[in-house]
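Engineer: Each of the two chains sits in its own frame; use the hints to bring them together as a complex.
Sequence order for the protein chains is U and B. Heads up, the first sequence is in my numbering, so the first residue is 1 and it goes up one at a time. Heads up, the second sequence is in my numbering, so the first residue is 1 and it goes up one at a time.
Keep in mind the hints are simulated off the structure, nothing from the lab. Keep in mind it's a predicted model, so treat the numbers as computed, not measured. Note that beta-carbon positions come from the ideal geometry of N, C-alpha and C, so glycine has one too. It is possible that some hints are incorrect.
Computed footprint of chain B on chain U, listed as stretches where at least three residues anywhere in the stretch have a Cβ under 8 angstroms from a Cβ of chain B [claimed, not checked]:
(1) 12-20
(2) 40-47
Examples of chain B residues toward chain U, derived with CB under 10 angstroms [said to hold, decoys possible]:
(3) Asn109
(4) Ile114
(5) Lys183
(6) Ala184
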Amino acid sequence: MEDLKLTLKQQIIESLNLQGMTPADIDDNAPLFGDGLGLDSIDSLEMMVLLERNYGIKIEDAREGRKVLESVASMADYIAQNRKI
Amino acid sequence: MMKPVYISAAAALSPQHSFDADRLLPDVVSSSNGKLNVIDTDYSKFINPVAIRRMSRMLKIGISTGMRTVQLAGINTPDGIITGTGRGSMRDMELFLGDMIRLHEEALNPTYFIQSTYNSINGWLAMQTKCTGYNQTYVHRGHSLEVALLDAQMLLNENDAKRTYLVGSFDEMTEEYFVVKNKAHYWKKALPESLYLLQHSDTNGTIGGEGAAFFTITNEAEKAICRIEQIHLLHEPTTTSVQTAIDSVLATNGMKLKDLDVVLCGMSGDARYQPLYQPILENTTAHTTVAAFKHLCGEYDTSTGFALWLATRLFATQTVPEVLIQKKGINPSIGNLLLVNHYPQGTASVMLLSIDK
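Isolated chain B, as found in the complex (with noise of 0.2 angstroms):
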């Protein structure tokens, strides 16, 4: 069994006031378009003024969450950069694509190619800290941020020397990809209002979403904001996979289910996954409480970046505001957490999280 790893500073960019608050989730925002998109910053503050004029949102987005993370940690260069993405850089690909076809594959824009790469970002980051280390995008579709977590964990076990690495997760909603997926059934026909969207849960299909987090990982525990215990991939995941999965991980770390203080879930409002779910809602004791978040950032391949920056918030206040609340615990502290995450393309996670109370 792997060493858990520590997290020791978090940043957010996402529908929701999540970079810049001084409090958690001030002034929720919903949405009643079948999609959630990032609430834009201030780049500039992030990002050379030469280098931004040919960025792409999402290259804005990504970058400025690593560097806030980095200054966040206090450090200058971390050791290396590890990061996650479903899809990339989506708006470039899509204008370089929608340019071949145009233009009959001749005379087109370089920077559109660039920028679509998957490890633009990581590219990027590394510049723009002096990274000369490690440096990895894992392009796992539902599990690429788990991915990169694993990774982390793993060279962080690797030898005892003091290591922090960046890790984080970002993608983009564009308006071509909400069609094309809309013609997959990934949406709901009847457009909820996204801050209701687990009131409808009885019908299928869920909302589009976006965001990028970062996180910088080390194995210093006295920099921890949390202490990452266990990550646990599921492929094709069923009811059942699930809760076995839960407990093998609850198992491993010796807990039971009703040592719980938090269950944060991915539940998306689609009938078709709310059964992975449901025992979740069923099974825990009156001391958990149950929370949920993809009605706050919508459904995205990482949306497990917005929950794990989630959950470094709620350790940190040690309060799970009401608008997180599917069912509420008598527990009055937070000393452990159960992430548990699932993505449409047959992925879900297990990710135990906990601090010393």
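The shape of chain U in the complex, shown without the other chains (with noise of 0.2 angstroms):
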């Protein structure tokens, strides 16, 4: 689970593009959204298509999605569970 939640936090930073962020910056539990890593509606777009092109996941829910995207943790949950690659 350390090594997916590491994995998790370079493609995110890879895919938001940001900028001298590394994955220890990236508290496990922190929120992604509002007054955590401080992401907008647009970067949950590109997390949901970061999940199905690295995972094969597609979340059609947008209540789960918002569940799904509340930390490192809880995506590294989902990812443990529902992964298809």
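Structural biologist: Quick look at the structure:
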């Protein structure tokens, strides 16, 4: 699980072009949106694409998506249980 | 006939030091690889750091130039934003289309798509300046900026209330676009040093370019750098139709060819289009200085933007730098300027500018 979280952080930094950030700067449990990492709605779309492209996960339900994208930890849990690739 | 409008501020990001330089065309930049690219500036001065990470180079160039113009005009919110672009954000479009092929049209990044739309820069400028007024982007190839300027002129002519519109243009030259245009024989086969491009006007082709230029266009004469008297558009220009258009614009404004102080020409070193400008070189009198600009910015759909920015600087400094001059006139001051430009896909424009001497 720790390896998955590290990989996920690297993928988030790369796909969202979070310049100057390293995986160590992202807390596993900190909110990705709002006060935490300060991401916005377009970033959430980019992360849905990241999940689909890298893990074969398609989230159709917006409410489920909101829960999954709460933090790196919640994303990693969901990937571990639902990944197809 | 429409009433003239006024340029109250101008900024350009171009292949020359046009953005921050305290004097006109210092240290002229030349290139030998067939294209001239914009000199980057510190975009973080003009764009929110959270937003900038997602932006392509074209967006950063366009938004920064627009914001700089608003700053120079001393306003916070323009009454409207009108832009022209021949191609929009080419790099984002290339990335989006490339992903469509590579990923079989699935799991495509939304950012490339959103930013590749032509009106992205207008949207960002509207948000940054809190402008909820008129917002329009024209995509009319070589006439894109000219049509944006005409739209501003028509809006300002509609009523007498004092208004200021932010009007600008932007186009970029990507590696792929350069290759595609090369196949269509846009560029010279033997690439010259760009600074000496016009000395190669006996062969076909030119060099590529890019840039952004923005202006605040107003009906407040007291704020003017210069006045746009008239804009005339031509489709499928010929030597004769360009001359007829010049004669018509001059006659409409009670002028003759001998009255012109400066003619700024879009000659591009391409033998196929040089005949459009040859009569200007031959028929202007000793009074008039004939100048050119494409050896400094390259050829692109909205190169008129660089030329118009240059014109505002010529009026402000009352000098024509030697690097621009094709035929030196004896006139010591600049009270009017005729801008004549073409783009290879069948468009040309004639624009008369002036100041009160």
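Engineer: Each hint should be assessed against the structure and marked as holding or not.
Structural biologist: Verification of the supplied hints:
1. For a cut-off of 8 angstroms, the count of residues in the stretch 12-20 of chain U with a CB near a CB of chain B stands at 5, and the three-residue condition holds.
2. Counting residues of the stretch 40-47 of chain U whose beta carbon lies closer than 8 angstroms to any beta carbon of chain B gives 4, which meets the minimum of three for the stated coverage.
3. Interface restraint check for asparagine 109 of chain B: the shortest CB-CB distance to chain U comes to about 6 angstroms, inside 10 angstroms, so the restraint holds.
4. Contact between isoleucine 114 of chain B and chain U, as hinted, is supported at the beta carbon level, the nearest pair being about 7 angstroms apart and thus within 10 angstroms.
5. Evaluation of the lysine 183 of chain B hint against chain U yields a violated restraint, the C-beta minimum of about 32 angstroms exceeding 10 angstroms.
6. For alanine 184 of chain B, the interface hint is violated, the least distance from its beta-carbon to any beta-carbon of chain U being 33 angstroms, above 10 angstroms.
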